[in-house]
Amino acid sequence: MPMTIPILSLILLCPVVGVLLLFLVPDGRDKVVRWISLGVSVVAMILSTWMFIAYDRAAAGFQFAEQYAWLPGLNSTYHVGVDGVGATLVLLNAIVMLTGVLTSFSIDFRVKEYFVLFLLLVSGVFGSFICLDFLLFFIFFEVAVLPMYLLIGIWGSTNREYAALKLTLMLLAGSGLVFAGLIMAYFTSNVRSFDFFVLRDSGGFSSDFQYIAYPLMFLGFGTLAAVFPLHNWSPDGHVAAPTAVSMLHAGVLMKLGAYGVLRYGIELFPSGAHDWSTVAAVMAAGGVVYGALVAAQQTDLKYMIGYSSVSHMGLVMFGLAAATPMAINGAVYQMFSHGIMTALFFSAVGFFYEQTHSRNIFEYGGLARKAPWIATCFILAGLAGVGLPGLAGFPAEFMIFLGAFERFPVLTLIAVPSLVFGAFYMLRVLQRVFFGPEGGHTPKVHDVGAFSGSPRIMLAALIILFGVAPRLLSDVIAPYAREFLK
Amino acid sequence: MMLPLLPEWACLAAILVLFFATLSDKLTASVARNLSLVMSVVIIVAALMAHNEQGMLFADSYRVDAYSQIFKILIGIGLFANALLGWPLRTLPKAQSGEYYLLFFSAGLGMMLLAGAFNFLVLYVAMELLSYSLYVMVGMRRARTESIESSIKYIIIGAAASAIGLFGTSYIYGATGSLNFDALINGLRSGTTSHELLLPGLVMVLSSFLFKLAAFPFHAWAPDAYESASSPVAMFLASVSKLAGIAVLFRLTFMVKPYMPSFEIVIGILAIVTMTFGNFVAFRQTSVKRLFAYSSIAQAGYLMIGMIGFGDSSPTAVVFYSVIYLLMNLVVFSVVLELERAKEDPTLDSFHGLYRRNALMAMALLVALFSLAGVPPLAGFFGKWLLFSSAAQGGHIWFVVLAILNSVISLYYYLFLVKAAYFGEPPQHVDTPAGSISRYAILVTTIVIALLGIYPRVLTEYIGGLNLSRSLLP
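Same order as they appear, the protein sequences are chains A and B.
Quick note on the numbering used here: the first sequence kicks off at 4 and runs consecutively.
Quick note on the numbering used here: the second sequence kicks off at 568 and runs consecutively.
Possibly wrong hints are sitting among the right ones.
Using 20 angstroms as the maximum straight-line C-alpha spacing, the simulated SDA-like pairs for lysine to any residue come out as follows [unchecked claim]:
| # | chain 1 | residue 1 | chain 2 | residue 2 |
| --- | --- | --- | --- | --- |
| 1 | A | Lys-169 | B | Arg-851 |
| 2 | B | Lys-986 | A | Arg-113 |
| 3 | A | Lys-115 | B | Arg-923 |
| 4 | B | Lys-986 | A | Ser-160 |
| 5 | A | Lys-169 | B | Val-975 |
| 6 | A | Lys-169 | B | Ile-971 |
| 7 | B | Lys-986 | A | Pro-150 |
| 8 | B | Lys-986 | A | Val-146 |
| 9 | A | Lys-115 | B | Phe-990 |
| 10 | B | Lys-986 | A | Ile-157 |
Hint data in this document are derived by calculation from the structure and do not stem from the laboratory.
Model the full assembly from the supplied sequences, consistent with the hints where possible.
Written out as structure tokens, the structure reads:
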């Protein structure tokens, strides 16, 4: 498809330009800072939607490719392009970026620095999803991870310094593994190139090498995807982070980990992935069960969501480990739907927290009467999380289990009940917080206004949209999953 | 004879200018500093003019080639930056600022001679010229007895290292019958020299380099010297003075390693021990200058990993990393100097709330520390990539894995500083921001560190174009 507009570069440029513009804004002009950030997010959203619609579903494969020289001595180029997975995740990132910026309008401490770091993080994520060059991908990957340290440490809440340090160290230890794998892959390949296609098609990695290289990728990226037992930075990090950063982090960053495993792990080292798939599946299923069980013990809403994210990301990794077309399809679908769902969760909890400074479920009750809009949003997210048909979570989980059953019937049978259990605890929390007698903090809560409601309602609408019409997404993902096994 | 040695002549001229200036009683610290700034610019210009020269001088004992010349340019820039940023000389006796800058340039001359040394005796003389200047500089802060103490410690370790080095030189002389480097290489190449005598000799000579680099096991002087010396001296020790050690160690390693794989292994093991030791001990430091001393010990280890790299890639890697090593340490020590306004000998607590007191310094510190840790997309990442990939290409994959692990560990204590600077509450005392010139200098250096990470081609292609590996081999 002839494509003259470099749309992916334009999408990437939106947050980058935003960062540069923000540097020019004089101190104290917080309003200007917020509106510039919103402006670039809207543009990124429009461009990403357009890209998603223009993606040729019949042709499939990588589209919108661009390639420019960067480091010719190393055979590393600025090479971008998206396939079904990339297009889906770019759209997700744009959605979370826009809603995150809207949610962040309530930040009033060091506004400029906050948005600079926020947009920097988003640029890193966009860059990672569109890059087809391993070295450049790794660089964008780090740009996506590092701002978290300051965002949590400066603007965070509960135990923020501890959480920020733990998160950064664990994620960078993961990056260290990836970096080691990167150097090994580069020097072992026949081609001395960082280009994804070149490495994949003519890298000539022996199965012995893949057996060593794949675990580096799986554990390295898996740390970011919070694969059990490397997950324990994640709930602390989510709880400490400011609302919009939790949204980005659970919504997109963890997906970046799963994406890394998929693209630079499974696709690059298929035989290694196959050799290790049982171990990977056990770890993933462990995460599903463990996350669900621990989530049910929590009284802090953010911890509950944090652990349920571990459980849901476990499902994604489970689908990837099974690696049947159906399971891959479901895993990618789950990345998207969990991204939106969890963004909505954090956004709604953040809304309560700003007003009451409490996230304890026992201090709420009867919120549905007091704040019906936000209650509706939260309940929708909760129901999507338990996989209610008609919402975005259902098709994803259904496809993962259906696809994984062929390969890991026992593990699937262990993982499914945990979802039932998940439904139980979610309903219990919904009941306690939104219905029943009014809790201590309930009187202080006001419902969202038109502006503060917009990001939440947007996300809620998307959950319904992608639940009712899963084909919007699966048309893009399915061709990728079909190609996958070849 | 004049043109190839132009930078050395310029350095000598600087020493004489400062010498005559100190004879006047009217010499104030700021006049001495301005003179030094001018003379460093002269040195840089001289080094640039001579950058294409090459030749063997003084009966083949001194070599001028692309490799020595690029280090001379770097040394010139390092001297200039130290004169600019290593200011004010708060903790040095006022009357001695002239002498301080005199020693500054005599150390500079020693470094330049080291970069060109092609004979073990020239090497020894250059090394001593540099070391003696530094011994005095470290001991100059006479208000503190620790300054004298650390200077004496420095001298003793230095003397031991020199003695071992000279002893090793005698072995090499015994094996090859000459003190020139090319005799050593010719002997190795033709296979006539016995390795039994040569390897111990080389390893012993190595000790003087390790001392200069503050690498294991000759590192012990560094933390004390950094801590108790005046901060501009610490900056000098950490930034520019190491370049000379790197230059000469790499020259020798590069020539010897094709014929002596065991020498390569020795360097690799020392590198790993050095960086591991530096990183683990840095954890426990509360004095900022000690912490950076250990961090620079670790950095020397990374550089040594690059030295055992493969063919053409390793000179590029080592020179590239030397450049950014210089820049990163300049920024870090500028911040230390800034903190000294509030308190002599800053501790970790001094960093608290730096972000609110002086946002520029905090940002510069953040960039420099992340770059030191090798986090993309900063220059430090690319530098480490070059070093590690070069070693990986040379077949030392396990050394590389250990070095990467070390980088992750080092991030821990760097993050501690970032945490203090960004999350901590500022102390009551509010200090004045840095003078405008050093502010701009720090800003520019920081931007360069960031840009070199995104677009390293500018520098790597220049260095690659110099064809260093050809110029390094006789």
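Checked hints:
1. A:Lys-169 to B:Arg-851: holds (18 angstroms)
2. B:Lys-986 to A:Arg-113: Holds, because 17 angstroms separates the two Cα atoms, which is no more than 20 angstroms.
3. A:Lys-115 to B:Arg-923: holds (14 angstroms)
4. B:Lys-986 to A:Ser-160: holds (15 angstroms)
5. A:Lys-169 to B:Val-975: Holds. A:Lys-169 to B:Val-975 sits at ~13 angstroms (cutoff 20 angstroms).
6. A:Lys-169 to B:Ile-971: holds (19 angstroms)
7. B:Lys-986 to A:Pro-150: Satisfied, since the Cα-Cα distance of roughly 13 angstroms is no more than 20 angstroms.
8. B:Lys-986 to A:Val-146: Measuring from Cα to Cα gives roughly 18 angstroms; hence the hint holds.
9. A:Lys-115 to B:Phe-990: Holds - the C-alpha atoms of B:Phe-990 and A:Lys-115 are around 17 angstroms apart, at most 20 angstroms.
10. B:Lys-986 to A:Ile-157: Holds: B:Lys-986 and A:Ile-157 sit about 9 angstroms apart, inside 20 angstroms.
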